[in-house]
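So you can see what is in the structure, the chains are spelled out below.
Number of protein chains: 2
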Amino acid sequence: MTGDVVGLLREALADRVDIDPAHLDAMRADKSGHAAAGSPIALVHAASIDDVQTTMRIASATGTPVVVRGAGTGLAGGANAGAGEIVLSVRGMDRILEVRADDLLAVVEPGILNADLNRALAGHGLWWAPDPASREISTVGGNIATGAGGLLCAKYGVVRDPVLGVDLVLADGRLLHLGHRSVKGVTGLDLTSLVIGSEGTLGVVVGATLELRRLVPGQARTLTASFPDVRAAATAAAAVTASGVQPAIMELMDASCLRAVHRLLELPASDGTAAQLTIQTDGPAASAEAESIAATLTAAGGTVRLARDEAEAELLWRIRRSMHPAMETLGTTLIEDVSVPRSALPAMFDEIARIERAFDLVIPTVCHAGDGNLHPNFVFEGDEVPEVIWQAADELFRAALRLGGTLTGEHGVGVLKRRWLVDELGEDQWQLQRQIARVFDPQGILNPGKVFAP
Amino acid sequence: MTGDVVGLLREALADRVDIDPAHLDAMRADKSGHAAAGSPIALVHAASIDDVQTTMRIASATGTPVVVRGAGTGLAGGANAGAGEIVLSVRGMDRILEVRADDLLAVVEPGILNADLNRALAGHGLWWAPDPASREISTVGGNIATGAGGLLCAKYGVVRDPVLGVDLVLADGRLLHLGHRSVKGVTGLDLTSLVIGSEGTLGVVVGATLELRRLVPGQARTLTASFPDVRAAATAAAAVTASGVQPAIMELMDASCLRAVHRLLELPASDGTAAQLTIQTDGPAASAEAESIAATLTAAGGTVRLARDEAEAELLWRIRRSMHPAMETLGTTLIEDVSVPRSALPAMFDEIARIERAFDLVIPTVCHAGDGNLHPNFVFEGDEVPEVIWQAADELFRAALRLGGTLTGEHGVGVLKRRWLVDELGEDQWQLQRQIARVFDPQGILNPGKVFAP
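Note that the protein sequences, when read in sequence, are chains A and B. For the record, in the first sequence the residue sitting at position 142 is 142 according to the working numbering, with numbers rising by one throughout. For the record, in the second sequence the residue sitting at position 201 is 201 according to the working numbering, with numbers rising by one throughout.
No lab work stands behind these hints: they were computed from the structure. Don't take every hint at face value.
Note that identical chains are pooled: a pair holds if it fits in a single copy or bridges any two copies.
What the hints assert, rightly or not - Derived EDC-like pairs (lysine to aspartate or glutamate); straight-line CA-CA distance at most 20 Å:
(1) Lys31 / Glu381
(2) Lys155 / Glu291
(3) Lys155 / Asp102
(4) Lys155 / Glu211
Work out the full structure, taking the sequences as your base and the hints as a guide.
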């Protein structure tokens, strides 16, 4: 049967069907650290919508599961492919089909990297706001499939906001054009939004109409504030939000993050500092806002440093950007992604401290403090997440839900969080969501075992 | 059977079940001018989520159709109720349950009027951005059910953007909590967005968690520009968007609109002016932006007037706000709602002029020029839309679709546009949307005959 499927694919798609064992093996994992059992049967390098439709028709006719993949930078295992599955890569479909400065929109293929798109748009004085930390290596299609977030979300929104339309190939190979090109449009159900964050379970995103912004004028300002403990930093971040000044970015790193980064970058030890906020303001009022935020942070007990120039700002941001490389020096990392209302940040850090004590773990945590999205890092040895870490993660998820939060702010459910999905949605909503997915994909061949699998 | 249903409702809900014939008759129509055939069997004034669940359980058990209703201000017939139907009014559920300035969110019941909510929020220095022209008389639940727009959308977004979560009672009476309270959240499918704009076909919105903004600081500025023809005004509006300055509001009125309003307000005749833009800028840079826009409009051939103070600004806005009352002086009005990419505005006005000539009609048109949403008004005598007007509207819809636009920017499909729905969605997507609605409502008792009915 497997041989038949590969044969059908090769007959239709020739050398765009890749069965090199090393290539197939690489498809088992994304950046989550988790890998699927077994290797997929074929990797299709789609070059066109037609290729995607052909692949889906063959998959549908043969009942073969399909895992759609962009750059494979996901953090929840959502694009991991295993035994018996076809990997359908849209990474090669990376053209910008249209940029309209007058309508503030772009039409793109899904495989373009977020940063490549934004470099091209900058030439028109434009940008697409979603800025996941992975933007240099992640695709726009992947950003849409996961409903990605980023650092700028409190001020500039999440992926759901600036996507006007999506072209979607269904499991049976039919092509749908969802959404519209106009700013407003309420014709029928909003299937564009439904596809955003659906993690490859509803169809294959083969194109997107994106709403753009004009580049923000003026010089951004950067400041940091150090605090003697993480709760104080979280309280200060909440005070910034409550003050009414909207930073573009507000990041919080705790003591163990700072220690690891300072070691990696060979900076002086950060011993006196248990937590640090790094903040950027932008737009015409950037300087006034930075001063105002500095005053709020000082009043909240922080030691503030306002970067005098871009070089100094760059140095401060380098610390934040070195977070993931620094974690990798400690061991294998399970990066979690809970999100809570901003006022609950101090309480969520209390819960993390409690879980650290209860399980005798250190959980380095970085946090998009402007929007309440935390990334606690569970560090361990080897390839398999130890059971104690799953138990600690379970406590973490339940704490976030108790505080009015959510399991995942921006990474998605994938395989890593599927067993907690029902805890957040409730049994009725979980069943309803499964049934909706079945309308798009009656045979259940799109990304089986992800998101909804118990 | 009808008697049984009313009996069951009265047994469970006592005097919250209204069968006064005059009250029932009033439920046949919204503000679209269209009325359902026959009168509904009962009007339930729900006072609680429990009342809504009880009503839906009885409706489900007896297979009785239910039309959910807020303030009845819709413009597409979506909340019109006819023979054999229960009207489920949530207008009485109008409490603000929570306002959190620190988290920039509010939790409300669906029946609160948009303007009442915003008056209450203003005391906290906050607002909920959606501003349909009906905001003094329309409910937040209705705004969500229709995916309402408004005047501020190009700068501050549509209803889809600032709704974090929705509590939904399903056709069978079960209560689901969709969405989240955090800024970010991608757990499972985005059913909150799916419910927004679903026009009562998926469930009953019984609560909403809204994302708020801080009141915009500074004094807004208002200017108008007059043009010798409507195409010049549309071209000038597109030039403002293309210039990169973002007005808060940019409205266009054509010659026949202006004539009717000037007559109503007993202002001097506007004979020399074939079209007028009315524009508001806000925020710290309001004055600089108003000057910049004035220069763009002057260069585009406009005669610009910049209001010196609030009193003068109020006078200019009074002309725009008198649009609907002025139309009512001309006859019965069918208000259309096409939306196109902003660069297509001049071409869309050409199409309207062509349709006026082809059908020997005058079609007074007002337009949210900042976002490309046009409201052409078809004026006629009597209660029934004449066939010639449907033919002209058909031409209008097809022209908007050809220009990359949509049937409805903010009013919804309801009954008035259901026969064109498939033209925009295509047969495959239309069927898929119907099937999704059936997942929520297997018996098809929620707003039957609306949106998806052929």
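Each hint, compared with the structure:
1. Lys31 / Glu381: within (16 Å within a copy, 66 Å between copies)
2. Lys155 / Glu291: This pair counts as within: shortest intra-copy Cα distance 18 Å, inter-copy 26 Å.
3. Lys155 / Asp102: For Lys155 and Asp102, only the inter-copy Cα distance (15 Å) is at most 20 Å; the intra-copy one is 23 Å.
4. Lys155 / Glu211: both (16 Å within a copy, 12 Å between copies)
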